[in-house]
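Number of protein chains: 2
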Amino acid sequence: MVQDKIAIQDVYPDDYAWCYGCGRLNENGHHFRTVWAGENTETEYTPKPEHTAIPGFVYGGLLASLVDCHGTGSASLALHRKNGHEPGDGTEPPRFVTASLQIDFMKPTPQNAPLRAIGTVEEVHPKKWKVHTEVFANGTCVVKGTVVAAVMPKTFMEQAEK
Amino acid sequence: MVQDKIAIQDVYPDDYAWCYGCGRLNENGHHFRTVWAGENTETEYTPKPEHTAIPGFVYGGLLASLVDCHGTGSASLALHRKNGHEPGDGTEPPRFVTASLQIDFMKPTPQNAPLRAIGTVEEVHPKKWKVHTEVFANGTCVVKGTVVAAVMPKTFMEQAEK
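Here the protein sequences come in this chain order: A and B.
So that you can map any letter, position 119 of the first sequence is 156 in my numbering, and since no number is skipped, the others follow by simple counting.
So that you can map any letter, position 62 of the second sequence is 99 in my numbering, and since no number is skipped, the others follow by simple counting.
Because the hints were derived from the structure by calculation, they are not lab data.
One or more of the hints may lead you astray.
The list treats identical chains as one, so a pair stands whether inside a single copy or across any two.
[Stated by the list, open to error] Here are the simulated lysine-lysine pairs, DSSO-like style, with alpha carbons at most 30 Å apart:
no. : residue 1 : residue 2
1   : Lys164    : Lys144
2   : Lys85     : Lys119
3   : Lys181    : Lys165
4   : Lys85     : Lys191
5   : Lys181    : Lys164
6   : Lys167    : Lys181
7   : Lys167    : Lys191
8   : Lys191    : Lys144
9   : Lys144    : Lys119
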């Protein structure tokens, strides 16, 4: 079960744990949590009632957000493992940012169902990883997405501190 | 100015005005509003403080949401105009859903800046429209996105009512 595992977002450095999608320190955010599931990655989330598109169906922007953070989290898990680490071993994981996001809405996503995002991670460059994600609701694939995630440039925080 | 114009979302039928991104009846949503700007379309939005990715920069999922609703709104404006109508003339506009969403994050998007999404609409089929969007912050293009939007199938509401 996802909730029984240490997620990569549980161990992001505090300075990088404010993301609206997946930051554990963002009180108003979604708190997406991404874990290993065998060789795949997994994020579970049940949308809130207000996350609607047309009544009865989940908002596409929320699904895009899920795929986005699941992508950067999966890339972080994968590079962390490549470096010989697992979440919770005391080493801070790398933090990724999203370079691009592609979402195909396969079917309307029913409201009131827990969503499971399952990711397959592919290294395309030591600092750039591609994550293929399928989102399931009630066992049916409703969304397919691809994230290209890049290791966060150091200039990010320098710019933020200006 | 966007706020002085009647947006397409201002005149969506009530049943379809609950979208978390752009539904005027969703109390907890973003309330994106899309208007004509000459031959282009425009949506303005200033992210809230909690819509952060890394401190100082806007969350990608919020930017994806902006591009998404700007896309379906722009497609609705365009088909409505093709049908001889403008928002506010008393005719209900068509409602679109998103088939696919492609986002390229060109630069980090600074927090605390109003965002302007500018769309160019292309008809690819009478019921399928493509909207190319550029999002600007402080005059710089930070995001490029493409939405393929399809006229909402009647089965959507029938499924929702089950």
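Check: How would you classify Lys164 and Lys144 at a CA-CA limit of 30 Å: within, between, both, or neither?
Finding: Close across copies (17 Å), not inside one copy (33 Å); limit 30 Å.
Item checked: Homomeric proximity label, Lys144 with Lys119: Cα distance no greater than 30 Å -> The answer is between: 28 Å across copies meets 30 Å, while 35 Å in one copy does not.
Next item on the list: Since the copies are identical, ignore which copy is meant and state whether Lys181 and Lys164 lie within 30 Å (CA to CA) inside a copy, between copies, both or neither.
Entry: both (23 Å within a copy, 22 Å between copies)
Next item on the list: Go through the copies and call it for Lys167 and Lys191: within, between, both or neither, with a Cα cutoff of 30 Å.
Entry: Classified as within: same-chain Cα gap 20 Å, cross-chain 36 Å, threshold 30 Å.
Check: Given identical chains, is Lys167 near Lys181, meaning Cα to Cα at most 30 Å, within a copy, between copies, both, or neither?
Finding: Answer is both; intra-copy 13 Å and inter-copy 19 Å each pass.
Next item on the list: Could you place Lys181 and Lys165 in one of the four classes (within, between, both, neither) given a Cα distance threshold of 30 Å?
Entry: both (20 Å within a copy, 20 Å between copies)
Margin query: Within, between, both or neither: how does the pair Lys85, Lys119 come out at a Cα-Cα threshold of 30 Å?
Written below: Neither way: Lys85 and Lys119 sit 35 Å apart in one copy and 36 Å across, limit 30 Å.
Item checked: Homo-oligomer pair classification [Lys144, Lys191; C-alpha up to 30 Å] -> Cα proximity of Lys191 and Lys144: across copies only (14 Å, versus 39 Å in one copy).
Check: Given a CA cutoff of 30 Å, do Lys85 and Lys191 count as a within-copy pair, a between-copy pair, both, or neither?
Finding: Between copies only: 25 Å across, 35 Å inside.
Checked against the numbered hints given earlier, this structure breaks only hint 2.
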